[in-house]
Amino acid sequence: MWDLRTGKCVQTLDWKLSEGHTGVVRCLQVDSWRIVSAADDRTIKVWNLHTGERLCTLHSHTDGVTCVQFSDQQIVSGSYDMTVKLWDFGVF
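If you count by full-length UniProt numbering, then the sequence shown holds residues 1 to 92, one letter each, in order.
There could be a bad hint or two in this list.
To be verified - Cβ-Cβ distance ranges computed for the label pairs, FRET-style: (1) Asp88 to Thr51: 19 to 29 Å; (2) His50 to Met82: 14 to 24 Å; (3) Met82 to Gln11: 33 to 43 Å.
No lab work stands behind these hints, which were simulated from the structure alone. Note that the Cβ used here is the ideal one computed from N, Cα and C, for glycine as well.
Construct all of the structure, not just a fragment, from the sequences and the given hints.
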């Protein structure tokens with residue numbers, strides 16, 4: 001993570017590459033403790049911002065995921081497969 005005031009790196013996360021995306025990451029959204037990423041590998045991944053741990057991987061799109069937004073309860077995603085999916089955080 002970078003300090004916007006100083007431009008210096010203040011924290012580096014040890015992301016597990018084996019748990020990462022296998023395609024181009026098209027979008028990210030961050031809140032105080034999660035990162036949600038979406039990629040051309042047709043998956044959405046939810047990460048713990050502080051530890052780098054992958055919390056879950058969502059599979060349902062049949063083509064690359066192009067956009068993602070989330071709230072405390074839900075994730076919404078759009079894809080090149082011409083669908084929009086609504087995911088409930090309470091399920092996973």
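Status of each hint after checking the structure:
1. Asp88 to Thr51: 19 to 29 Å: holds, 23 Å
2. His50 to Met82: 14 to 24 Å: Distance hint for His50, Met82 is violated at roughly 36 Å.
3. Met82 to Gln11: 33 to 43 Å: holds, 38 Å
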